[in-house]
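Chains as they are written, first to last, in my numbering: chain A, 615 to 869; chain B, 207 to 543.
No lab work stands behind these hints, which were simulated from the structure alone. Fair warning: this is a prediction, and the values are worked out from it, not measured in the lab. Even for Gly, the Cβ is constructed at its ideal location relative to N, Cα and C. Some clues are possibly wrong.
[Unchecked claim] What follows is a list of derived Cβ distance ranges for each label pair: (1) 730(A) to 529(B): 38 to 44 Å; (2) 687(A) to 398(B): 38 to 44 Å; (3) 754(A) to 403(B): 56 to 62 Å; (4) 651(A) to 367(B): 35 to 41 Å; (5) 629(A) to 345(B): 19 to 25 Å; (6) 847(A) to 445(B): 44 to 50 Å; (7) 679(A) to 449(B): 23 to 29 Å; (8) 350(B) to 860(A): 56 to 62 Å; (9) 345(B) to 682(A): 29 to 35 Å; (10) 513(B) to 781(A): 30 to 36 Å; (11) 391(B) to 629(A): 49 to 55 Å.
[Claimed, not checked] A few chain B residues that face chain A, going by a derived Cβ cut-off under 7 Å, partial list only: (12) 234; (13) 351; (14) 424; (15) 435.
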Amino acid sequence: MNIQAHDLTIGYPDRTVGRGLDVIVSTGEVLALLGPNGGGKTTLLKTLLGLLKPKAGEVRLAEKPLDAYSTRERARVIAYVPQVHISTFAFTVETVVLMGRTAHGSLFSRPSAQDRAVAHAALERFGIAALADRPYTMISGGERQLVLLARALAQEPQFIVLDEPTASLDFGNQGKVMNEIRALAKSGHGVLFTTHDPNHALRAADRAYLLRDGTRIADGPVASVLNREQLEALYQATVECLTDPDRGAVAFLPG
Amino acid sequence: MTRSALPGLAIATAVLIAGLLLAFTVGRYPVSLADLLNVLSAKLTGQTTEASPAVQNVILQVRGPRVLAAALVGAALAVAGTAFQGLFRNPLVSPDILGASSGAALGAVIGIFFSLGVVAIQAFAFVGGLLAVAAVYVIGSAVRARDPILVLVLTGVVVGALLGAGVGLVKYLADPYNQLPAMTFWLLGSLAAANVSDLLPLFGPVALGSIVLLALRWRMNVMSLPEEEARSLGVATGPLRIVIVAAATLTTSASVATAGIIGWVGLVVPHLARSLVGPDFARLLPTAAILGGGYLLVIDTLARTVAEVEIPLGILTAVVGTPFFIWLLASMQRTWS
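This is chain A alone, in the form it adopts within the complex (with noise of 0.2 Å):
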C-alpha cells in the first residue's frame, strides 16, 4: 500500500507555496523530508495528510483518491503526530493515547474495553505505561512526543505522517524516537517525517526527500541523495562531511 502523489501543487488560498511534486511513500519504508525553513515541508506534509486540498494534482492513498476517504475513513490510515505542544486542558496520558481510537468507535461511543487495551500496548510498547494517570500537561517533552506516538500507534494506522519529532527533545530522546521511528517500519508501517537534521535522516530513513522553494531537488536512498554537495545546494551553506574511516558511516556538520 502506498500514498502518492503526482505532479502536485501545494499552498493556501492566497498563495502558492510548491509546484510539481511528486511523492511517495509505501508501507514497511520510512521517508525523511529536509530542506530549508519556509520551503514547504509543512505544507507538503498536511496535503498529504488531507488536512490541506491539493491547489492541483491528486494525491491517493492505496489507489483510491485521498478525497473520496471520510475524515474518519482516514484516520483509520494514516496518522499525524503533531510537533508536540502544550494542551489547554490537562487530560491524562491515558486519555491522550486514547483519544487515537476515536477514528474506530462511532459518534456517540466512549472507548470501550478493548480500545482501552489497545491504547495500554501502545503505551507499554514505548515505555511509558507508569505515566498512564498522570497530567498530559506535567510531564517532559520528550515523554509528551513519546505519548504522541503512542497515540498514533494506537489509531492502528498503516502510516504515520510525524512533523519534527525531534525538535524539542535532548539528545538521547532524539536517539529514541528514531529508534522508534526504524521499529515503525519494520512492524510495516509507512513513515515519513520532516527534520532539520540530515543525520536523523541517515539514521532512522530509507529514503530522503529534498525539498527547496517548493521544487523537489531529490528524491532517492539516503546513502546517495545525502552528500556534501546536496545538502550544500539544499541550504545553501557550507557543510562539512565526516566519515567513520573503520565502518565508512559519515555524518554532517553544519558551517
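Go by the hints and put chain B onto chain A.
Coordinates of chain B only, in the frame set by chain A:
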C-alpha cells in the same frame, strides 16, 4: 468512571443539596427544615401535611418554581460554558462569546418596547439569541482564514458590540417611566418573576441541548485539541462544531429568556468543575450542571435576602465572577498549562 471522579461529583452534589435547602428555607418568611421535608414528602407521596397553609404556600407556590428555575438556569449556563470553553480551547470564554446573550437581550428589549406579553418577550429573546449566533457563524465562515476559531470569537465580539448598540438605541427610545425600568431590570438578570409556566419552556431546550452535548462527550474531548490534530484523529470538526454551538446556544437562550442576562456563571462554574473532576467531558458536563445549579441557588438566595430590596442576579454574579476571572488569569500557568 475511575476513582478520581467520584469525590468531585460528591462535592458538586453536596453544593446542590445545600443550595436547595438554603433556597427553600431562608428568606423573609423562614421555613424550618422539618417543615420543608414534611411538605415536600407529602407533596411527593400525595398525603396531607400538618404544616400550616402559609408554609405550604411559601414552599410550593412562592419558592418552588423559583428554586427549580434557578437550578435549571445555573445548570444551563454552566453546561453551555463548559462546551464553549472546550470548543474554543480556552478556559476564559463563556456563553456570551458568540453573541447568544447580547442577541437574546436585544430580542427581549424589543419585546418590552412593543409592550408584548411575557411569553412573547421570552420568545423574542430566544429567537434573538439563535439569530445572533447564526449571524456570527455565517460571517465567521465567510471570512477565510487559517484560524477559524479566532475569527469566530472576534466576530462574536464585533456582532455583540453591534447588538449592544441596538439595545442602547431601544432603551433610548423607550418610555422612561414604564418600559425603561422593565428593560433595565431584565438586562440585569432576575428570577423574581419566575413562575410555574416558565418551567417547561426552560426545561425543554435545556434538557435537549444538554443531552446532545453529553452524547458527544468523547468527540468534545478530541475537539479540544488543535483543529488539524482533531481532524487527523478522525473527527469531522466542521459539522460537529455547528452541532455543539447550536446545542450550547439553545441552553443559553432558554435561560436568558427566563432569567435575563446573568453573566459569569458560564465562566466560573466550568472552571470549578474542572478542578473537581478534570477535563474529561464525560465527567465534566454532569459535574458542571450540578455545580452550576447549586451555585445559582446560593447566589439567588443571597440576591433576595442580603438587602431590603432584591439585588439583580447579574450584579452579584459579576461581583463574584470578576475577581475570580482575575485570579484565573494570574494563576493560568499553574492550573491549566
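Taking 38 to 44 Å as the hint, is the beta-carbon distance of residue 687(A) and residue 398(B) inside that range? 54 Å Cβ-Cβ, so the 38 to 44 Å window is violated.
I want to verify a distance hint. Is the separation of the beta carbons of residue 629(A) and residue 345(B) within 19 to 25 Å? holds (24 Å)
Double-check residue 435(B) for me: the hint is only fine if its C-beta lies closer than 7 Å to a C-beta in chain A. Result: holds, 5 Å to nearest chain A Cβ.
Hint check: 7 Å Cβ-Cβ cutoff, residue 234(B) to chain A: Check failed: Cβ of residue 234(B) comes no nearer than 43 Å to chain A, outside 7 Å.
Status of the given 29 to 35 Å range, CB of residue 682(A) versus CB of residue 345(B): holds (32 Å)
Determine whether the Cβ-Cβ distance between residue 391(B) and residue 629(A) falls within the hinted range of 49 to 55 Å. holds (53 Å)
May I ask you to test the hint 44 to 50 Å on the CB atoms belonging to residue 847(A) and residue 445(B)? At 46 Å between Cβs, range holds.
Consistency of beta-carbon spacing, residue 860(A) to residue 350(B), with hint 56 to 62 Å: Holds - the Cβ-Cβ distance for residue 350(B) and residue 860(A), about 57 Å, lies within 56 to 62 Å.
Taking 35 to 41 Å as the hint, is the beta-carbon distance of residue 651(A) and residue 367(B) inside that range? Because 39 Å falls inside the window, the suggested range holds.
Does 30 to 36 Å hold as the CB distance between residue 513(B) and residue 781(A), or does it fail? Given about 59 Å between the Cβ atoms, the range is violated.
Is the hinted range of 23 to 29 Å satisfied by the C-beta distance from residue 679(A) to residue 449(B)? holds (27 Å)
Interface hint status, residue 424(B) versus chain A (Cβ within 7 Å): holds (5 Å)
Violated hints, listed in ascending order, are 2, 10, 12, 13; each of the other numbered hints is respected by the structure.
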